[in-house]
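Undergrad: I would like the entire structure built from these sequences, with the hints used as guidance.
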Amino acid sequence: MRKSPFYCWSILVSIANLIDPLLNAISIGPVVDPFLVPLPLPIDPFLVNFDRRFRRGRRISDAKPKNYSHRDQDNWAASFPACNLTQQSPISILSYGVETDPTLFIDFGPFYDIWLERAEMKNDGTTVEIEFMGGLTPVFSGSVVNNDLYRFHQMHFHWGSDDTVGSEHVIDGVQFPLELHMVHFNDKYTSLAQAASQPDGLSVLAILFKPSLVNNPFLDPLIYDLANVRCAYRRIDFNFRIILAQLLPVNTQLFFTYRGSLTTPPCFESVQWIIFRQLVPIGIAQLLQFRLLTSDAECRTLIGDNWRRVQPVNARVVRQPLLPVKGIW
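Read in numbering that gives the first Met the number 0, the sequence shown has 323 at position 324, and its numbers run on one by one without any break.
Please note that the accuracy of each hint is not assured.
What the hints assert, rightly or not - Restraint ranges, calculated between C-beta atoms of paired labels, are given here: (1) Leu93 <-> Ala296: 22 to 28 Å; (2) Gly172 <-> Leu212: 22 to 28 Å; (3) Pro311 <-> Tyr95: 26 to 32 Å; (4) Gly172 <-> Leu148: 33 to 39 Å; (5) Ser196 <-> Tyr95: 33 to 39 Å; (6) Arg318 <-> Glu297: 19 to 25 Å; (7) Phe104 <-> Arg308: 37 to 43 Å; (8) Tyr95 <-> Gly134: 38 to 44 Å; (9) Val164 <-> Ala296: 35 to 41 Å.
To be clear, the hints were calculated from the coordinates, so they are not data collected in a lab. Even glycine gets a Cβ: it sits at the ideal position worked out from N, Cα and C.
TA: Spelled out as structure tokens, the structure:
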């Protein structure tokens with residue numbers, strides 16, 4: 000698979016940034032397990048003068064509001080019966096109780112490494128979402144999804160009012176301040192709407208974030224535009240602003256996977272969840288910008304805690320690929 004020069008550059012810088020603190024540790028103390036530290040923050044040279052290139056031709060228009068609230072999630076099932084079924088998401092995962100499957104892997108297509116050509120960012124009153132509107136479609140496959148092909152449709156975020164809450168999935172009792180969901184639908188269906196209610200219709204990649212004193216440059220274009228959708232029901236063009244691969248952790252073959260549901264109404268149980276184990280850093284200042292988003296058109300009420308509480312695992316099995324000897328948390 001051919002990689003873009005920007006991707007190769009970021010990998011080289013990532014390796015250099017990762018090795019440097021390990022070499023320093025030799026002279027100042029014990030070597031730190033690299034999986035226990037935040038991921039390095041490589042700089043993509045193409046981000047220089049980014050706004051000058053792509054700020055023209057932006058438009059703002061109203062977005063359609065959602066008909067539910069996270070403050071009322073205990074009553075979701077009254078209007079959306081699937082929210083009370085037995086394979087709901089998110090869940091709490093205990094890493095020592097996960098089943099290991101050495102055949103599991105995920106394979107990303109080449110368009111994960113290029114700019115999203117046409118996209119829109121919107122605040123729907125419950126989250127901020129970036130929806131793919133056309134162009135070369137990022138896809139992934141692999142044994143984790145029975146080698147079916149899944150097409151990227153949109154991504155959105157869940158966060159908390161402080162650093163102790165925010166992520167929907169809980170790992171070994173820890174809840175993280177931000178969780179990104181990249182929503183994909185099975186290529187055998189013609190649209191997300193058709194796939195959403197099918198047992199094999201959707202797969203969601205979940206990325207967990209850890210606060211950092213340093214901003215993550217790959218998030219900068221997204222963070223910069225949050226101010227334009229701070230009030231609810233606003234949307235803007237988001238063309239050529241982001242590369243999906245740059246939002247993923249370095250090691251995408253370390254993950255948990257299980258059968259579950261959408262974490263918001265209508266709560267269809269149609270999702271193969273893939274939760275990456277490596278944390279991705281986000282600057283404290285960047286994280287604050289999510290917390291400033293509001294749930295009303297007048298910009299008066301903060302969205303706040305837009306995460307669903309964990310649901311019973313019941314008889315479901317959580318699996319993971321074969322892991323290295325050392326732990327990664």
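Undergrad: Which numbered hints are broken by the structure, listed smallest first?
TA: The structure conflicts with hints 1, 3, 6, 7, 9, although it agrees with all the remaining ones.
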